[in-house]
Amino acid sequence: MSVGIQSQIEKIGGNTLIVSSANQYPVKTVVAVSLEAMPRLLPLRA
Amino acid sequence: MFKLAYKALVDRKMRSALTILGIAVGSAIILALIASSSGLNASISGSIEKTGANVLTIRNAGGFFERGSTSTYQLSQQDVNYLTTIPGVVAAYPFYSYGASINNGGTSLQASVVGMDLSVLSVLYQGLTVASGTFPELGDTTSAVVGWQVANPTSGTPIGLNQMVSMSVSGIKGSAGGVSYTVLASAILAPYGTALFANIDDTVYIPLQAAQFLSKSPYFTGIYVIVDNTDDVTTVQTDIETYYSTNVRVISPGQILSSIQAITGQLTLFLGSIGAVSLFVATVGIVNTMYVSVMERTREIGILKAIGYRPRQILGMFLSEAALTGVIGAFCGLALGYVISFLMGGMLGGIGGGRGGFGFGGPGEAGGVIQPVFSTELILFSLVFPVVLATVAGLYPAWRASKMNAVVALKYE
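Chains as they are written, first to last, in the working numbering: chain A, 479 to 524; chain B, 5 to 417.
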């Protein structure tokens, strides 16, 4: 599954990510997710 | 998408396992109940079919079927003569039937004593063969044909050929206690199993004359009527019932077979619906688990949406998670149901194997074990149905997830 152009997920802490989206949802935000979710989400980095 | 769904399931091992267990138990119960009751049906049908479809059994009213009947009519030689004159009837054979306790080396075996023209045995019970010995000659009233189980009891000493069989016969009118009786085992039958109302393996067959002496009565327990053609069975039955009114009871294997099949069919439906309820409960469990999962993963969904996942893809991800739960549950359920149905088969066999009842056991089995029947349809159903249910259960939570607003989801506390 492809990640939108210029969208990014960046790990900044144990369970914290910075999500930068250039899609229909233009956001750049810090999100804390569960530890379990991290390994699922990180491979989706652009 | 499937990979994500699979990972999500693995991450919540305990919760996924419990949800899968719910589905597995539900589907296992349906499978086990239907397989066992189909097995029961097949077993009963098999035992009824062993008695030829062209044999009608005439009994005095007030017996097994009509305990409340006030009829005092008793069947005698006159009735045998009359029955043979009915068009379509080939022959009529009277019989005596009593309960007996066989004394065998200190242990006693509950059995039946049936007095009849012994040459008719092979006509009545198709495929019945002699294991050893020969049938008593005509006029020999001291010899008997012994069923396999009587000769080879599970406990106690076996009875060999030409050995004396001593027993206490009960149910003879005018004698309160048992009547002592001894016969010579001139033939031992091969294991046969049960036929309609008779467990052949648990029976001692004595010549009609001997039974007449034993009971000191000219009145028979019943008469077997052999009809020349199975198509005429119903006509002959109607003729007999018209003639005797409520004085006798005519038992036709075909009729009993269809009524028992109707009962077991309903039993299957009833038991299946119990299983369906448990599967429904499991489905609600999936809805619950998925719903909680969606709530918990709101931020995750927000991230996915923010980086470009389409609602359809989110929907697909959660649906595949639910479907995967269903698939694993269905396979576990199949295995579990397979085990349970064999356990249930033993239990049902224990209930049905009672002497004097239908006795559903196979040849040589004391109690009898019902072999569950797994039809291809049943196996396919138990594999597909839980998956469909689980997917349907996942629809609403998945739809909720797909409809989330990314920004709101990201900020979800």
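I should point out that these hints are in silico values taken from the structure, not numbers from a laboratory.
Only a predicted model underlies this, so the values are computations on that prediction, with no experimental measurement involved.
From the three backbone atoms N, C-alpha and C, an ideal C-beta is built for every residue, glycine too.
Heads up, a few of these hints could be off.
[Unchecked claim] Quick list of the computed label-pair ranges, beta carbon to beta carbon:
#1 Asn493(A) - Ala21(B): 23 to 29 angstroms
#2 Thr494(A) - Leu347(B): 38 to 44 angstroms
#3 Arg19(B) - Ile496(A): 40 to 46 angstroms
#4 Gly491(A) - Phe6(B): 27 to 33 angstroms
Hint check results:
The hinted range of 23 to 29 angstroms is satisfied by asparagine 493(A) and alanine 21(B), whose Cβ atoms lie roughly 24 angstroms apart. Range check, threonine 494(A) to leucine 347(B): about 53 angstroms between beta-carbon atoms, so the 38 to 44 angstroms window is missed. In this structure the supplied range 40 to 46 angstroms is violated for arginine 19(B) paired with isoleucine 496(A), their Cβ-Cβ distance being about 29 angstroms. A hinted range of 27 to 33 angstroms holds for the C-beta pair glycine 491(A) and phenylalanine 6(B), which are about 29 angstroms apart.
Violated hints, listed in ascending order, are 2 and 3; each of the other numbered hints is respected by the structure.
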